[in-house]
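*Asks:* Single-letter residue listing:
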Amino acid sequence: MSFPFSDDHDMIREAVRGVLQDAYDGGKGPEHIYKSGAGYDAELWTSFAQDLGMAGIAIDEAYGGAALGDLGRVVIMEELGASLASIPFSPCSTIASDMIAGVGSDEAKEEWLPKIAAGEAIFAYTDGHHALTVEGGKLSGRVNMVLYGAQADVLLMSFRDGDKFKLIGIPQGVKGYGAETVETMDPTRSFSNITLQDVMMKDVMHLGEGTPEQFDAIVKTSFIGLAAECVGGAQKALDMTLEYLGQRVQFGRPIASFQAIKHRAADMYIAIEAARNAVYAAAMAEGDDKVEAALIAKAYASDAFFDVAGHAIQLHGGIGFTWEYPLHYFFKRARANRAVFGQSAREYERLATILLGEAA
Amino acid sequence: MSTLRDEFRDWLNDNLKGEYECLRWRGMPGDDEAYPELRKIWEAKLGEAGWIGLDWPSEYGGRGASDADIIELAEEYAEHGGPGRCGHIGETLLAPTLLAYGTKEQQDKYLPGIKNGTEFWCQGYSEPGAGSDLANVKTKARLENGEWIIDGQKIWTSLALESDYIFVVARAEPGSVGNKGLVFLLVKLDQPGVDIRPIKQMSGSSEFNEVYFTEAKCAEGDIVGKVGDGWRVAMALLAFERGTSTIGQQMTFKNELNAVIKLAKQNGAANDPLIRTRIAKAYTELQIMKFGFRRTLSSDQMSGADFTSKIFWSTWHRNLGELAADVMGASAEIINEGEFSALQKLFLYSRADTIYGGTNQIQRNIIAERALGMPREPRGGQMVTKG
Ligand SMILES: Cc1cc2nc3c(=O)[nH]c(=O)nc-3n(C[C@H](O)[C@H](O)[C@H](O)COP(=O)(O)OP(=O)(O)OC[C@H]3O[C@@H](n4cnc5c(N)ncnc54)[C@H](O)[C@@H]3O)c2cc1C
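Chains as they are written, first to last, in this note's numbering: chain A, 1 to 360; chain B, 361 to 747.
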């Protein structure tokens, strides 16, 4: 056990690592998942969510969760980053469950949190407030790049209503709902474009409401999970690299003995440890500090992951550039994490505004 | 919030004023020539009020402060602009080393002077031929008639001119090489066999010095550990140096960043998108450093935060120096009234951070070899330079 984790966290890490590394071994996982183009492993999700009971890691005990909070999620997301397992933990058990827990009505919590915790329902989430329109009791609009949108039983969306935001849920398969899987550079994860065409408002679930600030804070703190995934992925890329450096011999010695290589590896480690500090700090932060800490974690860890994955490819030489060798999946995941959820420049500008005020 | 912190805040409010007001925000590394005498008096005031050695054993006047208290107090001190501490080498490097490896006699003899803020120490490690390769020290020590006799030269010795004592790594077994046969000695500076010559630094002042030993003496009992233990003791002290000894210094980083932010707002640099990002990043990394401390202090095993802290903070500080100069723009070039400004000092002095206490290259070697288990650097001897 080492700070900030408890024995419980360590047990979870071991159990999760066992299952994920068995099935996936750091991106070497079932090629058929990747080749299928689905980016989703239903079988693994069932055993992960239902048998291991991990989907409710941060959900309250009252709703059947493990109540292990952000630190519990960090453990799991690190392992998911290290394995690149194709399961929808990230949207379902971070942002979607936090949305319901944070701004959901009592009924919504009672109905859906236990289902998420039990692995009986997959939720995805996307900001809908710029994309949706209601006319004549019908909802229409299009949102792109929704993580595990096609697999979700319910797609959660935020929806602007006057100066309030509403949390709505659209069940998969209602009339007018279309999900189209997008092929992305990173084939280990599923993104979809969702079209809503004249979906009857009576088919839409009204799950809760809150202020725009509340929604915004939940979105931002959900980045802690993403940042933890970056730390896990970066650590795995470094581990793979260290293993290779020790084996590969050139000029009569393992390439790990060359100082240029040692120093690059040290830089990778420094970046990962710094990202770790940022992520653990965010997981432990409370109140208003948490949003800022989450922004910091996301900005720093997503950049660190990309840098580390790039160094890893360089230090592997030709083999690092080979599709058969799974390193490229980490590189692609790293790039996707910085691109899809907002580049670090955006977070840094937010921090700059706090520190310096708006630019003139 | 701890009561110690409250007490310290009150004390600072009551004492860091009047004749001491001028010390606020002064005397940090790089600004060591600011009021050296008054800062020593201030150190004694801190000592008298019991603000030194708070985490020492109670028999030496410790007050049972936890690691978290130490961070909080350092934070409080920095927030008040508490002046650079003349006694930090004694308090944060030598004292923990003596507490771990020293004899009862040594602890009784040397800890009170540190605790009272009346005796000051400097570090005699580096030599002309032994910098990164510290094990190559040539300074000799021999035991004669119940006294150690020391001959040789140290270099880059910070604050030697301001100090009363020096701890010296020297070679006691003739013919020994590398880290074998070394001793760690506690030596009084004010004696005929010691000659101190200041060296002017690129930052203008002369914090560091050459120290020559010609039959300099210390008592037989002034050896920490035994003959041959010198390396082990020296490394233990370095671990304090790279670890938590810099908490106080790092707490002042926030003040420095705030000064950069203030200037950027004043002169319009705050509108430059690149400067904005660099400032936001500096703040980000400052928060990261702060949590790194918590990890270091809260884990009983070595964590990644321990291995990476020295290179991370020193590189951060050097980058802050560059950022400060870039925020100043062309005006950074201009010297007013013959003295570097605080930000100019920051820019210049921070180049040293990535050198002393083990250069960044040495830190990377340590990380690669100890944290990552990569092969050790081959030791020299065979290599011949052309020429
Ligand atoms: C402001 C300041 C204060 C100081 N205060 C003190 C003090 O109080 N007491 C004291 O004992 N010392 C002090 N020092 C000395 C400091 O510890 C040394 O300067 C430092 O350890 C480097 O040694 P060197 O200067 O001999 O450089 P060298 O060791 O000669 O290094 C020169 C360059 O070579 C690189 N290098 C060396 N070996 C390796 C290697 N194995 N692999 C890769 N690169 C390598 C270094 O990184 C550096 O870039 C101080 C230095 C400064 C700048």
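Since the hints were derived computationally from the structure, they do not count as laboratory data. Predicted model only: the values in this text are computed from it and were never measured. Any given hint could be a false lead.
Straight-line Cα separation of at most 16 Å, EDC-like style, residue types lysine to aspartate or glutamate; simulated pairs [as the list claims (entries may be wrong)]: (1) B:K625 x A:D289; (2) B:K650 x B:E432; (3) B:K625 x B:D686; (4) B:K614 x B:E432; (5) B:K540 x B:D524; (6) A:K175 x A:D153; (7) B:K622 x A:E358; (8) B:K650 x A:E292; (9) B:K650 x A:D289; (10) B:K500 x B:E432; (11) B:K469 x B:D524; (12) A:K109 x A:E61.
Selected chain A positions facing chain B (in silico; Cβ < 7 Å) [to be verified]: (13) A118; (14) L242; (15) F258; (16) A281; (17) Y300; (18) V340; (19) G342; (20) Q343; (21) R346; (22) L355.
Ideal Cβ placement from N, Cα and C applies to all residues, glycine included.
*Asks:* Hints first: check each against the structure and report whether it holds.
*Replies:* Structure-based check of each hint:
| no. | hint | in the structure |
| --- | --- | --- |
| 1 | B:K625 x A:D289 | violated, 24 Å |
| 2 | B:K650 x B:E432 | holds, 11 Å |
| 3 | B:K625 x B:D686 | holds, 13 Å |
| 4 | B:K614 x B:E432 | holds, 14 Å |
| 5 | B:K540 x B:D524 | violated, 28 Å |
| 6 | A:K175 x A:D153 | holds, 14 Å |
| 7 | B:K622 x A:E358 | holds, 14 Å |
| 8 | B:K650 x A:E292 | holds, 14 Å |
| 9 | B:K650 x A:D289 | holds, 14 Å |
| 10 | B:K500 x B:E432 | violated, 42 Å |
| 11 | B:K469 x B:D524 | holds, 14 Å |
| 12 | A:K109 x A:E61 | holds, 12 Å |
| 13 | A118 | violated, 35 Å |
| 14 | L242 | holds, 6 Å |
| 15 | F258 | violated, 9 Å |
| 16 | A281 | holds, 4 Å |
| 17 | Y300 | holds, 6 Å |
| 18 | V340 | violated, 21 Å |
| 19 | G342 | violated, 14 Å |
| 20 | Q343 | violated, 11 Å |
| 21 | R346 | violated, 10 Å |
| 22 | L355 | holds, 6 Å |
Of the numbered hints listed earlier, those contradicted by the structure are 1, 5, 10, 13, 15, 18, 19, 20, 21.
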